[in-house]
Amino acid sequence: MNNSKQTVDKAAEKKKPMKPFSVHMNKDLQRRYRAEKWFQRSGIAAIVIALSFLLVLFASIIGSGYTAFRQTFVELDVHFNQDLFKNENIAAADYPAMIKDSLRRTFPEVKERRELKSLYMIVSPGAAFSLQDMIKENPRLIGTQQKVWVPANDDVDMLVKGQMKASEAEDNRRIKDDQLAWIEKLEKDGRLETRFNTTFFTSGDSREPELAGIWGAVKGSFYSLLITFLLSFPIGVAAAVYLEEFAPKNFWTDLIEVNINNLAAVPSIIFGLLGLAIFINFWGLPRSTPLVGGLVLTLMTLPVIIIAGRASLKSVPPSIREAALGIGASKMQMVTHHVLPLAMPGMLTGAIIGMARALGDTAPLLMIGMVAFIVDIPGGFTDAATALPVQIYLWADSAERAFTEKTSAAIIILLVFLICMNAAAVILRKKFETKW
Amino acid sequence: MIYSFLLLIILLLGASAYFLGTARAVAVSQQTGGMRSLHSLPSHYGALTALGCVLPALIIYALWQIAEPMILTSMIKGNLPAEMLKLSANEFGLVLNDIRNMVAGNTLSGTGNPAVMAAAEQYISLQTSAGRIVSMVILVTMCVSAATIYSRIDIHLRARNIVEGLIKIAIIACSAVAIFTTIGIVLSVLFEAIRFFKIIPLQDFILGLTWSPQTAIRADQVGSSGAFGAVPIFVGTTLIALIAMAVAIPIGLLSAIYLSEYAHPKFRATAKPLMEILAGIPTVVYGFFAALTVAPFIRDLGMSVHLDVSSESALAAGLVMGIMIIPFVSSLSEDVLHAVPQSLRDGSLALGATQFETVKNVVVPAALPGIVGGILLAVSRAIGETMIVVMAAGLSANLTFNPLETVTTVTVQIVTLLVGDQEFDSPKTLAAFALGLVLFFFTLCLNIIAIRVVQKYREQYE
Numbered sequence: 001m002n003n004s005k006q007t008v009d010k011a012a013e014k015k016k017p018m019k020p021f022s023v024h025m026n027k028d029l030q031r032r033y034r035a036e037k038w039f040q041r042s043g044i045a046a047i048v049i050a051l052s053f054l055l056v057l058f059a060s061i062i063g064s065g066y067t068a069f070r071q072t073f074v075e076l077d078v079h080f081n082q083d084l085f086k087n088e089n090i091a092a093a094d095y096p097a098m099i100k101d102s103l104r105r106t107f108p109e110v111k112e113r114r115e116l117k118s119l120y121m122i123v124s125p126g127a128a129f130s131l132q133d134m135i136k137e138n139p140r141l142i143g144t145q146q147k148v149w150v151p152a153n154d155d156v157d158m159l160v161k162g163q164m165k166a167s168e169a170e171d172n173r174r175i176k177d178d179q180l181a182w183i184e185k186l187e188k189d190g191r192l193e194t195r196f197n198t199t200f201f202t203s204g205d206s207r208e209p210e211l212a213g214i215w216g217a218v219k220g221s222f223y224s225l226l227i228t229f230l231l232s233f234p235i236g237v238a239a240a241v242y243l244e245e246f247a248p249k250n251f252w253t254d255l256i257e258v259n260i261n262n263l264a265a266v267p268s269i270i271f272g273l274l275g276l277a278i279f280i281n282f283w284g285l286p287r288s289t290p291l292v293g294g295l296v297l298t299l300m301t302l303p304v305i306i307i308a309g310r311a312s313l314k315s316v317p318p319s320i321r322e323a324a325l326g327i328g329a330s331k332m333q334m335v336t337h338h339v340l341p342l343a344m345p346g347m348l349t350g351a352i353i354g355m356a357r358a359l360g361d362t363a364p365l366l367m368i369g370m371v372a373f374i375v376d377i378p379g380g381f382t383d384a385a386t387a388l389p390v391q392i393y394l395w396a397d398s399a400e401r402a403f404t405e406k407t408s409a410a411i412i413i414l415l416v417f418l419i420c421m422n423a424a425a426v427i428l429r430k431k432f433e434t435k436w
Numbered sequence: 001m002i003y004s005f006l007l008l009i010i011l012l013l014g015a016s017a018y019f020l021g022t023a024r025a026v027a028v029s030q031q032t033g034g035m036r037s038l039h040s041l042p043s044h045y046g047a048l049t050a051l052g053c054v055l056p057a058l059i060i061y062a063l064w065q066i067a068e069p070m071i072l073t074s075m076i077k078g079n080l081p082a083e084m085l086k087l088s089a090n091e092f093g094l095v096l097n098d099i100r101n102m103v104a105g106n107t108l109s110g111t112g113n114p115a116v117m118a119a120a121e122q123y124i125s126l127q128t129s130a131g132r133i134v135s136m137v138i139l140v141t142m143c144v145s146a147a148t149i150y151s152r153i154d155i156h157l158r159a160r161n162i163v164e165g166l167i168k169i170a171i172i173a174c175s176a177v178a179i180f181t182t183i184g185i186v187l188s189v190l191f192e193a194i195r196f197f198k199i200i201p202l203q204d205f206i207l208g209l210t211w212s213p214q215t216a217i218r219a220d221q222v223g224s225s226g227a228f229g230a231v232p233i234f235v236g237t238t239l240i241a242l243i244a245m246a247v248a249i250p251i252g253l254l255s256a257i258y259l260s261e262y263a264h265p266k267f268r269a270t271a272k273p274l275m276e277i278l279a280g281i282p283t284v285v286y287g288f289f290a291a292l293t294v295a296p297f298i299r300d301l302g303m304s305v306h307l308d309v310s311s312e313s314a315l316a317a318g319l320v321m322g323i324m325i326i327p328f329v330s331s332l333s334e335d336v337l338h339a340v341p342q343s344l345r346d347g348s349l350a351l352g353a354t355q356f357e358t359v360k361n362v363v364v365p366a367a368l369p370g371i372v373g374g375i376l377l378a379v380s381r382a383i384g385e386t387m388i389v390v391m392a393a394g395l396s397a398n399l400t401f402n403p404l405e406t407v408t409t410v411t412v413q414i415v416t417l418l419v420g421d422q423e424f425d426s427p428k429t430l431a432a433f434a435l436g437l438v439l440f441f442f443t444l445c446l447n448i449i450a451i452r453v454v455q456k457y458r459e460q461y462e
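Top line first, the protein sequences correspond to chains A and B.
Residue numbering for the first sequence follows the numbering used here, starting at 1 and increasing by one per position.
Residue numbering for the second sequence follows the numbering used here, starting at 1 and increasing by one per position.
A portion of the hints provided could be inaccurate.
In silico lysine-lysine, BS3-like type, Cα no more than 30 angstroms apart, as pairs [said to hold, decoys possible]:
1. A:Lys-165 - A:Lys-136
2. A:Lys-176 - A:Lys-165
3. A:Lys-147 - A:Lys-136
4. B:Lys-266 - A:Lys-431
5. A:Lys-117 - A:Lys-100
6. B:Lys-456 - A:Lys-435
7. A:Lys-176 - A:Lys-188
8. A:Lys-314 - B:Lys-360
9. A:Lys-431 - B:Lys-456
10. A:Lys-331 - B:Lys-272
11. A:Lys-188 - A:Lys-117
12. A:Lys-249 - B:Lys-198
In short, the hints are calculated from the structure, not lab data.
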């Protein structure tokens, strides 16, 4: 191709000093060169368009998601009133009442019931849980007065981060004018600040955006992918070895090949239907679990791993096989001692790419019921769970504005995982690649 | 509690059988003139002993895992009160479900029926004692079979051949998984689809013009008779796929040609991986992007020229799907362009053609079958794509070719019909499988044609 390029360049250089044979010829040549230039430019334009789509995509996701990593907290003077701890069980004390009490003392001028209700809305319903945790950790705090930072409500959070404009008409925003005044006062007193959002990384799903986190979904994805890897890698390698090294050329192996090539292109939602009909309805495996999710993803990833594995086995030169056979190895020994170790980096690369695809896939998991609203962090393969992409789908569907930034933040996390996996694959390939 | 550690014990016994077998082989060889007189390596004898020890145990274990609920259920059936046995099959199934739930420790549904509780207790005690018996059987089998092989180890035993034969059977089974997956897909979709077509005739499904899968729960309910005419869905799917291809084919093809025919190697080395990032982004991300950014943008754009654009327009979903498919088209066609022999280009350039003319008249025609195959694969991808359309396209099945309106697709309908809890007999749920059958069949045809075309083309220049 370089040669051909030079040819054109030379032709272009020679063109200038030469006198045209005729006017007609000259015009024709100019037209042809114009077409050439136009074509090159449209090629560049196509690449630029594709890459700018990529840029816009990343910009819009990062732009709407980076704010989710910080969260607004409100400082309250909480009085752990002895009277509220009369019950033996300190976890059952009326923590919301303590929060309300401290809010009332911060804003003594608020008296009316309706106003009080909107005052309480400033603080997240999860604030009571952080008080509960404090007391559980240190019961001696009962009866004392403490300064406590508790998470603010998602609307306050949106306002502080500037995603809700105070300049909008009151009817258009969820924070009303009186709440706005209180928030301003809190801000002036230094009782409002944004901190790194640890909740987002440590908790499960929640109906309250400020309490929702991705840890449950990450663990669900982890368990599913663990099953997928443990099943699909050995089976995929074994199948690749058989098809590439042992299989005779006959009807059955042809059928297997056609099947594998086709399965690699079957829409992933079909695998979900398979999982629903066979794993759940027929075998009676528990719905919504990483176990079933992992099995479905295994079937989906298997063709990818087999195809990559075969390509990697093919790249091992025949001389190695002949040498091994020549010194008396059996065919199985030749494969396990010589060919497989050489092909292993390529197979692992294929496996990682397959796993990355499995991590990002959502549709089959919707079919097997991993879309439920699950607050608890899954602790094993048979606990109900969601997965990271499904969590993104669920949050994208939520009406609250604060979930938009959570969705984008979860996408950023997912993309970081994917980039790491693909980078690992590239490094593996670069490091162990052998040029024969 | 041997039962719960059974798998671990099996593996441990297997490992010790391996070492015993190896040691035995070495000992046997010492009596008859050293290691060379052995037929196989000592480790082969070890592996054979270990396999002989572990395989029967695992088979019994797996069979018991499958058969346990059936056997135990039939055993406790005899002790249930007579009036329960008289219940209809469905209700009896509910009772059994209750018992199973109690056994699993979920007492939520156990409303305290004493007969059910007694049965559950009996089930648990049976389970424990049966577990003991089975573990004893497994352990005895392991010892007997390992001992048999151990005693038969001598220099003539063809251990390597047997072990390698077993491994070969295992890897053949692994490659057959692909066939079983396909059979599983066909069976699971086909059976439910046949049940659907028993309720709704096939021609109504294929040719009907209205789709409203909400069926009446009560017979006298108004307004939800349930219509299962799939034409609007097929039209919607086609429309979105067409828009996607209209975006992906020109951009993908032009960038492939530029990258393979014009680009400087350095430019190519950076641009190509960047383009492939587009293929690696999960579709749920594209769906979010379409719903959050593209759809409102298109709607606002339409408003500014006084066009009424739906907020879930086919255009937004199709456009974003097209972006997703660009790298498929471009990388497949680039492979194909690469395979065109350099001699064809050289010949054309030597005759005085410009590079554009070479590409247009020589390279692309030569690569056309491969490019078409790649595009067919991309079309199959577009039809089967789920998340983008679920998040960005609508639910209402409009029979229209206007890209500014809301349409729905096959995959969207499958997801909406199956997500959530439904009974498994209603035509509404079964319709999802009928749609799944259509989707599978259609993409299967596209894939097979495309793969054939690409392979034929490759052979042409090899």
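Report task. Hints the structure violates: just list their numbers, smallest first. Result -> 1, 8, 9, 10 and 12
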